[in-house]
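Work the whole structure out from these sequences, hints included.
Counting with the numbering used here, you get residues 6 to 350 for the letters of the sequence shown.
A few of these clues could be false.
Stated by the list, open to error - Once the Cα atoms are required to be at most 35 Å apart in a straight line, the calculated DSBU-like pairs of lysine-lysine come out as:
(1) Lys298 - Lys170
(2) Lys219 - Lys196
(3) Lys153 - Lys310
(4) Lys295 - Lys339
(5) Lys196 - Lys339
(6) Lys223 - Lys310
(7) Lys223 - Lys205
(8) Lys154 - Lys339
(9) Lys153 - Lys339
(10) Lys154 - Lys219
Simulated from the structure, these hints should not be mistaken for lab results.
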Amino acid sequence: QRHFSSPQSSINLKTIVQRSRNGSSKVNHKSEYFTFVTMKLSANIAACLLASISGCIAFTPASLSVPRSSRLFVEPATKPIIIGAGVGGLSAALALKAAGLEPVVLEQRSSERLFGGAGINCQALAIDAMNTLGVSTSTLEEAGQVIKKQSYYTPDGRHVASLDKTGDGTTPGQIGIHRGTLIQLLLDVAKSRDIEVLMKHHVSSIDQTSSPGKITIKSTIRSNAIPTIVEGSLVIGADGLNSLVRRHYISGNRNKDPQHYHGVTHYRGVVENFPSFLDGSTMVLAGGVKGVKAVVYPIGNPCEKGLQTINWVLAVEEDEINEDASTHCAHIVKLVRANGFNLDF
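Rendered as structure tokens:
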């Protein structure tokens, strides 16, 4: 993963919900009318959504076993269309459903690719937000690993300090979980609330020029040349780093993406069946003084043999992005050795 910044919409979510109910969602921008919100795919988006609103037509892939329904013909004024079925998109769908709307989620990836990725840290506010969306704390604890402590080390393994993360006694201060697992939990709740999600739908166009109060989205399934037309009241762009919504509707040029490299690259990985270290519930942060920092923490409960699923991140300050994945492994090993990392535990 890489750190980028890009222009983001600051439209208030309460205003969006009210506009959608009233059938009014006009924002004049470069001679086109549309309302959009861009979201980062992170666990904290759930907390942002809930803090803002306290609280399309949907399509469903056969793999999710959610039957198509008459919501394909729901009045567009009450139908937000969400592009992207990651943590941000599904959180938005659940929150909007709770607000009385009939959201639709379009996702271009297959479920196998959707459930990929690495670890996520759910802090206390995000855990509370997940609870409000329908994912209980006990479910998160069972699916991930409660982090009880953050410990800071020098690269050569000397302990510097520790931070207590046990929480307030009711909500853990932090839970480490695989991103794909968290998405699966959110999808399960969406299914139970009859929110339709369609996988493998690539959005090719978003148009609101024909009617100021209506947005028309055209999407295609990779195996089907006939496009699907969806009409709704607003569009939420939760489609990640290479967002079509951001690229086309903020820059005005779908071939030019207004993202900017921050100069930091995160090399990430997940290791299964790794021996538990320390107490099995500690996040380790090491280094960082010379521009290289290692973060290692469990994202699964230990088995009877004391083995866990571990997430690791190496954050590196670099002038350029190395897009050649075949060189990453050797590059990471070189960085670890050059910076004297030796965490013997």
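Status of the hints after comparison with the structure:
1. Lys298 - Lys170: Distance of about 20 Å is within 35 Å: holds.
2. Lys219 - Lys196: Given pair Lys219, Lys196 holds - Cα atoms ~26 Å apart, limit 35 Å.
3. Lys153 - Lys310: holds (21 Å)
4. Lys295 - Lys339: This hinted pair holds, its Cα atoms lying about 15 Å apart.
5. Lys196 - Lys339: violated (46 Å)
6. Lys223 - Lys310: Not OK: Lys223 and Lys310 at ~51 Å, beyond 35 Å, violated.
7. Lys223 - Lys205: holds (13 Å)
8. Lys154 - Lys339: holds (29 Å)
9. Lys153 - Lys339: Roughly 31 Å between the alpha carbons, so the hint for Lys153 and Lys339 holds.
10. Lys154 - Lys219: The hint is violated at about 49 Å.
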